[in-house]
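So the sequences go chain by chain: P and U.
For the first sequence, position 78 matches number 127 in my numbering, and the numbering has no gaps at all.
For the second sequence, position 215 matches number 264 in my numbering, and the numbering has no gaps at all.
Treat the hints with care, since some could be wrong.
If chains are identical, the list can't say which one is meant, so a pair holds when it fits in one copy or spans any two.
To be verified - Straight-line distance between alpha carbons at most 30 Å, and here's what the computed BS3-like set of lysine-lysine pairs gives:
1. LYS90 to LYS200
2. LYS140 to LYS164
3. LYS153 to LYS108
4. LYS137 to LYS152
5. LYS152 to LYS58
6. LYS75 to LYS179
7. LYS262 to LYS164
8. LYS215 to LYS90
9. LYS58 to LYS153
10. LYS200 to LYS179
11. LYS179 to LYS106
12. LYS75 to LYS215
13. LYS90 to LYS262
14. LYS268 to LYS152
15. LYS262 to LYS97
16. LYS137 to LYS164
Hints in this document: simulated from the structure, not taken from any laboratory.
Source: prediction; values computed, not measured.
Single-letter residue listing:
2 protein chains.
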Amino acid sequence: MNLILLFEKDFINGTHEVRIDDRRLKHMLYVHRVQVGDKLKVGLLNGKMGSGNVIYKSKSELMMKVRLTEDPPPPIPVTLLLALPRPKMLKRILFAISSMGVKKLYLFNSYRVEKSFWQAPILDPGKMEKYLTPGLEQAKDTVLPQVELRKQFKPFFEDEVPEIMKNSLPLIADPGAEDACPYDMNQQVTLAMGPEGGFIPYETDKIIATGFKPVHLGKRILRVENAVVAGLSRLF
Amino acid sequence: MNLILLFEKDFINGTHEVRIDDRRLKHMLYVHRVQVGDKLKVGLLNGKMGSGNVIYKSKSELMMKVRLTEDPPPPIPVTLLLALPRPKMLKRILFAISSMGVKKLYLFNSYRVEKSFWQAPILDPGKMEKYLTPGLEQAKDTVLPQVELRKQFKPFFEDEVPEIMKNSLPLIADPGAEDACPYDMNQQVTLAMGPEGGFIPYETDKIIATGFKPVHLGKRILRVENAVVAGLSRLF
Chain P
50 MNLILLFEKD FINGTHEVRI DDRRLKHMLY VHRVQVGDKL KVGLLNGKMG
100 SGNVIYKSKS ELMMKVRLTE DPPPPIPVTL LLALPRPKML KRILFAISSM
150 GVKKLYLFNS YRVEKSFWQA PILDPGKMEK YLTPGLEQAK DTVLPQVELR
200 KQFKPFFEDE VPEIMKNSLP LIADPGAEDA CPYDMNQQVT LAMGPEGGFI
250 PYETDKIIAT GFKPVHLGKR ILRVENAVVA GLSRLF
Chain U
50 MNLILLFEKD FINGTHEVRI DDRRLKHMLY VHRVQVGDKL KVGLLNGKMG
100 SGNVIYKSKS ELMMKVRLTE DPPPPIPVTL LLALPRPKML KRILFAISSM
150 GVKKLYLFNS YRVEKSFWQA PILDPGKMEK YLTPGLEQAK DTVLPQVELR
200 KQFKPFFEDE VPEIMKNSLP LIADPGAEDA CPYDMNQQVT LAMGPEGGFI
250 PYETDKIIAT GFKPVHLGKR ILRVENAVVA GLSRLF
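Using the sequences and the accompanying hints, generate a full structural model.
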């Protein structure tokens with residue numbers, strides 16, 4: 050937790066003071082070992098960042114006087130289209146993409162996505178924030194990534210993706226591609242990645258027909274959670 | 050499991066046939082759903098790769114006739130020096146670095162490494178293979194990474210690292226560095242990375258004094274397991 054993420058509900062009505070009594074308190078007490086007078090890096094969810102001055106602490110709550118003056122870091126210019134991973138892996142991916150500055154993620158269905166993955170509790174409204182906000186706290190950012198679910202492959206790629214990918218370089222990660230994923234891009238990218246076991250040929254063909262260029266991430270096939278980080282790190 | 054990793058003990062004496070009856074069997078039966086006559090990608094630990102023809106299968110064992118003709122993919126030219134991470138994270142890092150082609154990893158002590166991490170069962174001799182071999186199976190490789198433990202920071206960096214880093218570009222990942230980590234290197238790199246919370250200034254100074262150049266991986270501070278993948282992916 051390199052930044053303490055604050056929520057509107059933390060603020061004591063009409064003041065610049067916040068009261069914290071949840072998992073963040075534990076972290077501040079037992080990891081940061083904060084004392085009254087300490088200054089901490091803080092940020093308001095989807096808002097500005099700044100510092101919080103600890104004015105009171107006990108075992109059950111902590112109060113800070115907050116000044117929010119800085120903008121959060123710019124997002125990385127990518128829209129990520131990812132075949133829905135298994136829930137355990139999705140949790141780690143949400144943390145990773147949030148910490149890396151992705152702000153828009155589409156999770157879509159694909160032939161090799163197990164049907165049960167769509168029933169996972171993590172997909173319930175509001176549940177993903179639990180895994181996205183720690184990524185922001187890790188990376189000193191405040192802007193929550195937006196995650197959209199698309200349960201049908203074909204209508205998603207036929208009707209929606211052409212609009213999503215406009216004015217961007219559309220790339221599909223494909224271990225069999227001839228060209229390597231480019232490095233250090235200074236432009237908007239739409240990056241599509243398949244499930245464990247990969248896309249089936251129909252899907253790869255469809256995505257390429259939509260305009261995506263196949264690129265590989267090296268000679269080795271990576272697990273999805275590593276491929277996501279590896280791809281983003283090369284591109285930006 | 051994109052490759053079935055074979056061990057000398059799998060071979061039926063003096064033949065090219067192997068018998069498999071452990072977790073690999075389960076994977077072949079219930080994920081690959083193999084049938085007699087199927088040809089699978091196989092590789093001998095620290096040896097050649099090739100194909101295995103399934104000649105018998107039951108619920109308790111499977112036999113293949115094996116031909117090993119290809120060399121494994123080349124390693125990536127890196128030696129990784131990593132402050133010992135917490136055991137749960139270490140497991141994922143071992144998988145990741147193994148799948149990415151790292152062949153030499155030093156795990157060393159640092160001020161912010163919790164003492165208890167050095168007691169973790171995963172550090173017992175032979176235990177790490179359990180997490181390294183699945184990385185090889187993921188990436189279609191056979192060469193097991195070597196992992197060395199160094200429990201003392203100072204003698205490691207003073208006495209050993211100068212020899213380890215010879216003829217390589219020595220880089221230390223440092224979120225506060227002015228220069229970005231380079232992309233797409235065609236040379237040997239020695240990459241040093243700190244623990245959660247980072248190196249303390251004494252350590253950073255020591256490592257830089259040894260000849261390492263500080264580089265950052267972007268504006269955001271990544272969790273160690275993501276930073277390792279991000280760094281390797283940019284460099285190679």
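Each hint tested on the structure:
no.: 1; hint: LYS90 to LYS200; in the structure: neither (39 Å within a copy, 33 Å between copies)
no.: 2; hint: LYS140 to LYS164; in the structure: both (18 Å within a copy, 28 Å between copies)
no.: 3; hint: LYS153 to LYS108; in the structure: neither (38 Å within a copy, 45 Å between copies)
no.: 4; hint: LYS137 to LYS152; in the structure: both (21 Å within a copy, 28 Å between copies)
no.: 5; hint: LYS152 to LYS58; in the structure: within (23 Å within a copy, 49 Å between copies)
no.: 6; hint: LYS75 to LYS179; in the structure: within (16 Å within a copy, 34 Å between copies)
no.: 7; hint: LYS262 to LYS164; in the structure: within (28 Å within a copy, 48 Å between copies)
no.: 8; hint: LYS215 to LYS90; in the structure: neither (37 Å within a copy, 40 Å between copies)
no.: 9; hint: LYS58 to LYS153; in the structure: within (25 Å within a copy, 49 Å between copies)
no.: 10; hint: LYS200 to LYS179; in the structure: within (22 Å within a copy, 36 Å between copies)
no.: 11; hint: LYS179 to LYS106; in the structure: within (25 Å within a copy, 45 Å between copies)
no.: 12; hint: LYS75 to LYS215; in the structure: neither (45 Å within a copy, 45 Å between copies)
no.: 13; hint: LYS90 to LYS262; in the structure: between (41 Å within a copy, 27 Å between copies)
no.: 14; hint: LYS268 to LYS152; in the structure: both (29 Å within a copy, 15 Å between copies)
no.: 15; hint: LYS262 to LYS97; in the structure: neither (37 Å within a copy, 33 Å between copies)
no.: 16; hint: LYS137 to LYS164; in the structure: both (15 Å within a copy, 28 Å between copies)
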